[in-house]
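**Q** Next come the chains, spelled out residue by residue.
Protein chains: 2
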Amino acid sequence: MNPLTSPLLTDLYQLTMLQAYYAHAMQDAAVFEFFVRKLPPSRNFLMAAGLEQVLEFLENLSFSAEDLAWVERSGLFQPDFAEHLRQLRFTGDVDAVPEGTVFFPHEPILRVVAPLPQAQLVESRLVNLLHFETTVASKAARSVLVAPGKQLVDFGLRRAHGAEAGLLAARASYIAGFSGSATVLAQPLFGVPVFGTMAHSFVQAHDNETAAFAHFAQIFPKSTVFLIDTYDTEAAAAKVVKLAPQLRRAGIEIKGVRLDSGDLATLARNVRRILDEGGLRQATIFASGNLDEYRIHDLLAAGAPIDGFGVGTSLVTASDAPFLDAVYKLQEYAGKPRRKRSAGKATWPGRKQVYRRYRSDGLLDRDVVTLESDEPRGTALLQPVMRDGKRLHAPEGMAALRARAQRELAALPEPLKMLETCAEPYRVEIALPLRALAARLDEQSTAPLTV
Amino acid sequence: MNPLTSPLLTDLYQLTMLQAYYAHAMQDAAVFEFFVRKLPPSRNFLMAAGLEQVLEFLENLSFSAEDLAWVERSGLFQPDFAEHLRQLRFTGDVDAVPEGTVFFPHEPILRVVAPLPQAQLVESRLVNLLHFETTVASKAARSVLVAPGKQLVDFGLRRAHGAEAGLLAARASYIAGFSGSATVLAQPLFGVPVFGTMAHSFVQAHDNETAAFAHFAQIFPKSTVFLIDTYDTEAAAAKVVKLAPQLRRAGIEIKGVRLDSGDLATLARNVRRILDEGGLRQATIFASGNLDEYRIHDLLAAGAPIDGFGVGTSLVTASDAPFLDAVYKLQEYAGKPRRKRSAGKATWPGRKQVYRRYRSDGLLDRDVVTLESDEPRGTALLQPVMRDGKRLHAPEGMAALRARAQRELAALPEPLKMLETCAEPYRVEIALPLRALAARLDEQSTAPLTV
Chain A
1 MNPLTSPLLT
11 DLYQLTMLQA
21 YYAHAMQDAA
31 VFEFFVRKLP
41 PSRNFLMAAG
51 LEQVLEFLEN
61 LSFSAEDLAW
71 VERSGLFQPD
81 FAEHLRQLRF
91 TGDVDAVPEG
101 TVFFPHEPIL
111 RVVAPLPQAQ
121 LVESRLVNLL
131 HFETTVASKA
141 ARSVLVAPGK
151 QLVDFGLRRA
161 HGAEAGLLAA
171 RASYIAGFSG
181 SATVLAQPLF
191 GVPVFGTMAH
201 SFVQAHDNET
211 AAFAHFAQIF
221 PKSTVFLIDT
231 YDTEAAAAKV
241 VKLAPQLRRA
251 GIEIKGVRLD
261 SGDLATLARN
271 VRRILDEGGL
281 RQATIFASGN
291 LDEYRIHDLL
301 AAGAPIDGFG
311 VGTSLVTASD
321 APFLDAVYKL
331 QEYAGKPRRK
341 RSAGKATWPG
351 RKQVYRRYRS
361 DGLLDRDVVT
371 LESDEPRGTA
381 LLQPVMRDGK
391 RLHAPEGMAA
401 LRARAQRELA
411 ALPEPLKMLE
421 TCAEPYRVEI
431 ALPLRALAAR
441 LDEQSTAPLT
451 V
Chain B
1001 MNPLTSPLLT
1011 DLYQLTMLQA
1021 YYAHAMQDAA
1031 VFEFFVRKLP
1041 PSRNFLMAAG
1051 LEQVLEFLEN
1061 LSFSAEDLAW
1071 VERSGLFQPD
1081 FAEHLRQLRF
1091 TGDVDAVPEG
1101 TVFFPHEPIL
1111 RVVAPLPQAQ
1121 LVESRLVNLL
1131 HFETTVASKA
1141 ARSVLVAPGK
1151 QLVDFGLRRA
1161 HGAEAGLLAA
1171 RASYIAGFSG
1181 SATVLAQPLF
1191 GVPVFGTMAH
1201 SFVQAHDNET
1211 AAFAHFAQIF
1221 PKSTVFLIDT
1231 YDTEAAAAKV
1241 VKLAPQLRRA
1251 GIEIKGVRLD
1261 SGDLATLARN
1271 VRRILDEGGL
1281 RQATIFASGN
1291 LDEYRIHDLL
1301 AAGAPIDGFG
1311 VGTSLVTASD
1321 APFLDAVYKL
1331 QEYAGKPRRK
1341 RSAGKATWPG
1351 RKQVYRRYRS
1361 DGLLDRDVVT
1371 LESDEPRGTA
1381 LLQPVMRDGK
1391 RLHAPEGMAA
1401 LRARAQRELA
1411 ALPEPLKMLE
1421 TCAEPYRVEI
1431 ALPLRALAAR
1441 LDEQSTAPLT
1451 V
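Residue numbers (the working numbering), protein chains in the order written: chain A, 1 to 451; chain B, 1001 to 1451.
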């Protein structure tokens, strides 16, 4: 079984639901929407990502012989269930907000319309993909906003939550505006540029630091960025300066140094001076080590002469907000709008569209969530991306996604760009027709249900 | 390329290091150790998990033709590098603390001894696996400690960070003492029991709630746990009572109900009363909805009559501590101990062993970290698990891992079992021979290094 593509990568209740739907011939069209109920603390906006992986998942959905054999021998299902699953493919429609788009709570960013069993089965993996990439893109965008013009590189693979998290984090942060990732496999899989210098163990494995630098330069004459904090950062910077003439005679220019520990603001200033006085004005300073958007902001605000940042754990785990209150909810079945009314978890029913309205200066003004059947109230965010189980367009290239993300961030009003929660959240209006529908459903439901 | 097994799932600098090691014939034995530098807030101990996945990764390490083709066309490496990689296998030794064992900062839980390029290359994925499963097992153990005798089920797949995170979280939490997971694929892959009831969408897709319950019972007569919070929890409990005689006539006993929102303590009490008064004393109450160990503790402390808990997002993202300060560091190369001295990140050099000492009542007293060459100072935690790239033992079964985790939690002194950080952390002594070695290395290093 393929851990990444098997449809058994789902919650058991999806399969039990399916069996019940088949048994009761409940195969009418269901409408599910994915949205975030509320922003986590310190987020003023979210950035959509993961759609490409969702579409790939839907397009290839099928149970392998091995999957079906497990279903049969599990003893959990009725004898004919595996046969239903064998024939199951995703034949539905998907509308979605393009990746790289900024969005807000209550706004569906993806809608599935499909026969109920299909739309139900895909919930777990669909949320799993869309939730994670959106979480990371939203986190990455914050570093992008505080470090304009600086190189930002994802260093997080080792503390990402598994392989797929490492890979998707590289993709999502690249979409949001990072320059690339240290994760090699993200290059062949997603076209993310890869970056890397040297490890402490490389320095330690040599009997002295200068020998390590010299060896490295000899092998990688075009990527001479030396890691200088293994023992004493400033002493190592002096060694780099001392080594430079020897390298220059061999035709090698030192590209830069990397700091990975200590008081980065002070060290960057002192190292800059050592490099400048040593004739290495062109050498850049790259910093890493427990960085996040807050520390990057503070370093730059303090005037630290740092040209690029490696951001690892905090990015790939979105450590200050490692999850979103993201859900995928049934909004209509068999032509009837549906509304969940659980305490604190009520949903807006029906098929919806999100309209965005801009100010005269081109910045975001407010969004309107309304029924799809309502009149247009601005620029529609949800767009058709899949019909009858087939994609309508080739995947957008990474360049297009990055360009969109950049435009979206540029269109944010200043208060929304702040790292801290802004006093006045962005305005998302629930339009009257939608409110009216919800009220009508609530009213109907107060009548005693027949048993 | 296989996203889960390709050796390109690594940081670029591992590959650049490798090329430099090959170029300089630096292939002597390197000793790397994996350990956690410090506990995150509110953790008093950690639980080791992920070793099985690490050993599988090491045993099968090899570059595929596709991986090598990428290396060649990437333009990042020298022409002979792919040939080195083609031949690369992991031929080293591994000693490790068994999964399910409790451990503390500064204690290596895994040691790799292998030719430097091999030991270096595996760092990123090895940390990626061991860090994540240990993070989740350590989080899960806290729920296990506060809910003795209760059923605990992992519900986290949808908000786990990707597919592998969902699967490994199911495994790690099961090792730590959970009863199982809702993630179906964790059953065939890891032997984790699967659990599941019904979804809100199932209830919503029916025109009335009782019809949904009746349909469900008909299809799953042996697993009649009804989700009762879609509209009004107590009203739904009354409907369940009213439905019971009809089901009983069909030979179906109601197993229980599930609450997923609202004030769970109050609802559980009221629902319990409704069920009891309705003759459903044997029906259990299962609760879910944004639960974590703190809420479970509070619910049980408040006497809420809840028999089992579904724990999702907080568990699989370890939301209050989504990462550990876990590292894999070079401690010896070519027979010489090595020490990184970076500010705040200094390591204890050399090959080490961890000894555990117990009190007379069998509970943990303190641990001693010392050089492997030192005399035994208690029960040795690190055990040989791989020699020359081959495992020494068949994988431990899940039952054995769970039994160990249970014994380990039972041996924790009471203060360490608390959810809050205990005032006096567990004692981990760094033995004199280890301190002496570190001091000697520091002393040598203050002599000016030859350039």
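Treat the hints as calculated values from the structure; they're not laboratory data. Fair warning: this is a prediction, and the values are worked out from it, not measured in the lab. The reader is advised that the hints may include incorrect statements.
Below, simulated DSS-like cross-link-like pairs (lysine-lysine); rule was C-alpha separation at most 30 Å, straight line [said to hold, decoys possible]:
id : chain 1 : residue 1 : chain 2 : residue 2
1  : B       : Lys1345   : A       : Lys150
2  : B       : Lys1340   : A       : Lys255
3  : A       : Lys222    : B       : Lys1340
4  : B       : Lys1345   : A       : Lys255
5  : A       : Lys340    : B       : Lys1150
6  : B       : Lys1242   : A       : Lys336
7  : A       : Lys340    : B       : Lys1255
Calculated Cβ distances over 12 Å to all of chain A for the following chain B residues [what the hints assert, rightly or not]:
id : residue
8  : Gln1014
9  : Glu1052
10 : Arg1073
11 : Leu1088
12 : Glu1123
13 : Val1153
14 : Ala1165
15 : Phe1202
16 : Asn1208
17 : Asp1232
18 : Ala1301
19 : Arg1338
20 : Arg1359
21 : Ala1411
22 : Glu1429
23 : Asp1442
For glycine and all other residues, C-beta sits at the position ideal for the given N, C-alpha and C.
**Q** If a hint holds in the structure, say so; if it does not, say that too.
**A** For each hint, the structure was consulted:
no.	hint	verdict
1	Lys1345/B x Lys150/A	holds (26 Å)
2	Lys1340/B x Lys255/A	holds (24 Å)
3	Lys222/A x Lys1340/B	holds (27 Å)
4	Lys1345/B x Lys255/A	holds (26 Å)
5	Lys340/A x Lys1150/B	holds (29 Å)
6	Lys1242/B x Lys336/A	holds (27 Å)
7	Lys340/A x Lys1255/B	holds (24 Å)
8	Gln1014	violated (7 Å)
9	Glu1052	holds (14 Å)
10	Arg1073	violated (9 Å)
11	Leu1088	holds (15 Å)
12	Glu1123	violated (7 Å)
13	Val1153	violated (10 Å)
14	Ala1165	violated (4 Å)
15	Phe1202	violated (5 Å)
16	Asn1208	violated (4 Å)
17	Asp1232	violated (8 Å)
18	Ala1301	holds (22 Å)
19	Arg1338	violated (4 Å)
20	Arg1359	holds (35 Å)
21	Ala1411	holds (29 Å)
22	Glu1429	holds (25 Å)
23	Asp1442	violated (10 Å)
This entry does not satisfy hints 8, 10, 12, 13, 14, 15, 16, 17, 19, 23, going by the numbered hints stated previously.
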